[in-house]
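Participant: Sequence:
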Amino acid sequence: FSKIQSKAGKTETSSRRMLFNTVIKSCSNAGNLPRAELWFEKLLAAKIEPNKQTYGKVIESAAKAGDIAGAERWMERQLASGLPVDGIAYATVIDACAKAGSTAAAERWLDNMLNAAVEIDRIAYNTMIASCANNGQLASAERWLQEMLAASFDPNDISYTTLVHACAKAGDLPSAERFLAEMQEMGLTPNEFTYNSVIDTCAKAGKVAAAAQWLRRMSEVELKPDAISYASVIDACAEVGDPVAAQEWIARMEDAGIETDEHCHSSVLSAFARVGDIRAAEDWLVKMFDIQIRPSNICFNSIIDACAKAGHTDRASEWLGKMKGLHLEPDVFAYNSVIDACAKSGDAAQASEWLENMMKEELQPDEMSYTSVINACAKAGDAAGAV
Numbered sequence: 508f509s510k511i512q513s514k515a516g517k518t519e520t521s522s523r524r525m526l527f528n529t530v531i532k533s534c535s536n537a538g539n540l541p542r543a544e545l546w547f548e549k550l551l552a553a554k555i556e557p558n559k560q561t562y563g564k565v566i567e568s569a570a571k572a573g574d575i576a577g578a579e580r581w582m583e584r585q586l587a588s589g590l591p592v593d594g595i596a597y598a599t600v601i602d603a604c605a606k607a608g609s610t611a612a613a614e615r616w617l618d619n620m621l622n623a624a625v626e627i628d629r630i631a632y633n634t635m636i637a638s639c640a641n642n643g644q645l646a647s648a649e650r651w652l653q654e655m656l657a658a659s660f661d662p663n664d665i666s667y668t669t670l671v672h673a674c675a676k677a678g679d680l681p682s683a684e685r686f687l688a689e690m691q692e693m694g695l696t697p698n699e700f701t702y703n704s705v706i707d708t709c710a711k712a713g714k715v716a717a718a719a720q721w722l723r724r725m726s727e728v729e730l731k732p733d734a735i736s737y738a739s740v741i742d743a744c745a746e747v748g749d750p751v752a753a754q755e756w757i758a759r760m761e762d763a764g765i766e767t768d769e770h771c772h773s774s775v776l777s778a779f780a781r782v783g784d785i786r787a788a789e790d791w792l793v794k795m796f797d798i799q800i801r802p803s804n805i806c807f808n809s810i811i812d813a814c815a816k817a818g819h820t821d822r823a824s825e826w827l828g829k830m831k832g833l834h835l836e837p838d839v840f841a842y843n844s845v846i847d848a849c850a851k852s853g854d855a856a857q858a859s860e861w862l863e864n865m866m867k868e869e870l871q872p873d874e875m876s877y878t879s880v881i882n883a884c885a886k887a888g889d890a891a892g893a894v
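If you read the sequence shown in the working numbering, its first letter stands for residue 508, the second for the next number, and so on.
Everything labelled a hint here was simulated from the structure, so no lab data went into it. Some hints could be false.
As the list claims (entries may be wrong) - Once the Cα atoms are required to be at most 27 Å apart in a straight line, the calculated BS3-like pairs of lysine-lysine come out as: (1) K816 - K794; (2) K532 - K549; (3) K886 - K851; (4) K571 - K559; (5) K606 - K571; (6) K851 - K816; (7) K816 - K711; (8) K711 - K731; (9) K851 - K829; (10) K714 - K731; (11) K559 - K532; (12) K816 - K831; (13) K794 - K851; (14) K831 - K851; (15) K831 - K867; (16) K676 - K794; (17) K676 - K711; (18) K794 - K867; (19) K606 - K549; (20) K676 - K606; (21) K816 - K886; (22) K549 - K559; (23) K794 - K831; (24) K549 - K571; (25) K867 - K851; (26) K554 - K532; (27) K816 - K829; (28) K867 - K886; (29) K829 - K867; (30) K714 - K676; (31) K731 - K676; (32) K606 - K554.
To be verified - Label pairs and their calculated CB-CB ranges: (33) E868 - G818: 41 to 47 Å; (34) N663 - E556: 17 to 23 Å; (35) E692 - R650: 16 to 22 Å; (36) E860 - A734: 38 to 44 Å; (37) S803 - Q560: 18 to 24 Å; (38) E868 - I735: 32 to 38 Å; (39) E692 - R786: 46 to 52 Å; (40) D768 - M525: 35 to 41 Å.
Treat the numbers as computed from the prediction; the structure is a model and nothing was measured. Yeah, the Cβ is synthetic: ideal placement off N, Cα and C, and Gly gets one too.
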């Protein structure tokens, strides 16, 4: 910079300003606000008036650095200078506030932008919709969608996909379905992510039929359901305790040429365990090994818990031992299931032994661990052991 400036000598101010702006832009691209501010002050010291590009790059530098207060401070400084603030500067600050989760600040700047009669675009509205949606403020997100429509901007697929996903995260199935329907009415094409958001919401609400219906609708609009689509329906079946339906959806997934994974098989196994069909759960675990899918702790925990609840203490203990043989580390839940089973059968000695084994594995027993052993001792009439 110094060499170029010395050669420039007393060239016109606009050329010298351009040199400073180029350096500030470099600082901005690196997200280095202190350096950008330093060169801004150097520009003033050289008695060169900054223009809107100068301010814009400092604002951008603050935004890239995640310094929302800095971005707002420089925005206020530009406004105080009397220089007009363009849509790019406003959009930069709005986006920075939105990404930082400061929805109120983003809304304030968009309102300022509207009040200043600065031309606004669809991106600014989508940024606001996303900010509100990501922070769980669905009513505000929908309000900005309506503002967008009132400003004669047609929402695009990003607008609606953002809203559908936010409703899905909030478990608001009716709103998610409504926005997806609106999206289609406007001639927009939902993608796999949009459909999967709705399917997942149905699954978490235990609405198997609705989840399956949305998966079928994907195929009707020539979208191919993926592993996430099928896994969500399988999860829904497992959630309502319907292992047979979960098993059928795994078969459909395989028929569609989509590779099944540990999560899908774990859901089926857990569904069998949840309804007390221990043999089917055990058979499914064996099947997982046969197709070279390594079961996780969740699979073993489901079987151990089902055995314990059925009073099959030896069987639960055996599965816990198998976990260790496979170099899986049983967790507190697994040990507690076995300890509780021993306690309910009145086997205080066995319950105490499993508690000791748990501590030897450097696992911290919780309230349930101790309560189960105390109850076992009390049931066996062992007052000393309970103490």
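Participant: Decide if the proposed pair is consistent with the structure: K549 and K559, CA atoms, cutoff 27 Å inclusive.
Facilitator: Between K549 and K559 the Cα gap is close to 16 Å, so the pair holds against 27 Å.
Participant: For the pair supplied as a hint, K816 and K711, is the alpha-carbon distance within the 27 Å limit?
Facilitator: holds, 25 Å
Participant: Cβ-Cβ distance between E692 and R650: within 16 to 22 Å?
Facilitator: At 20 Å between Cβs, range holds.
Participant: Evaluate the given range 38 to 44 Å for the C-beta pair formed by E860 and A734.
Facilitator: holds, 43 Å
Participant: Lying within 41 to 47 Å: is that true of the beta-carbon distance E868 to G818?
Facilitator: Hint violated: Cβ distance 25 Å, outside 41 to 47 Å.
Participant: Measure nothing beyond the straight line between the CA atoms of K731 and K676; if it is 27 Å or shorter, mark the hint as holding.
Facilitator: holds, 23 Å
Participant: Quick one: are N663 and E556 within 17 to 23 Å, going by C-beta?
Facilitator: violated, 39 Å
Participant: Could you grab the alpha-carbon distance between K606 and K571 and see if it respects the 27 Å cut-off?
Facilitator: holds, 10 Å
Participant: Regarding the pair K867 and K886, is the alpha-carbon distance no greater than 27 Å?
Facilitator: This hinted pair holds, its Cα atoms lying about 25 Å apart.
Participant: Does the alpha-carbon distance linking K559 and K532 stay inside the 27 Å limit?
Facilitator: holds, 13 Å
Participant: Is the hinted pair K816 and K886 satisfied, with a Cα-Cα distance of at most 27 Å?
Facilitator: OK: K816 and K886 at ~18 Å, within 27 Å.
Participant: Hey, K816 versus K794, does the alpha-carbon distance stay inside 27 Å?
Facilitator: holds, 23 Å
Violated hints, in rising order: 13, 16, 18, 19, 32, 33, 34, 37, 40; the structure is consistent with all others.
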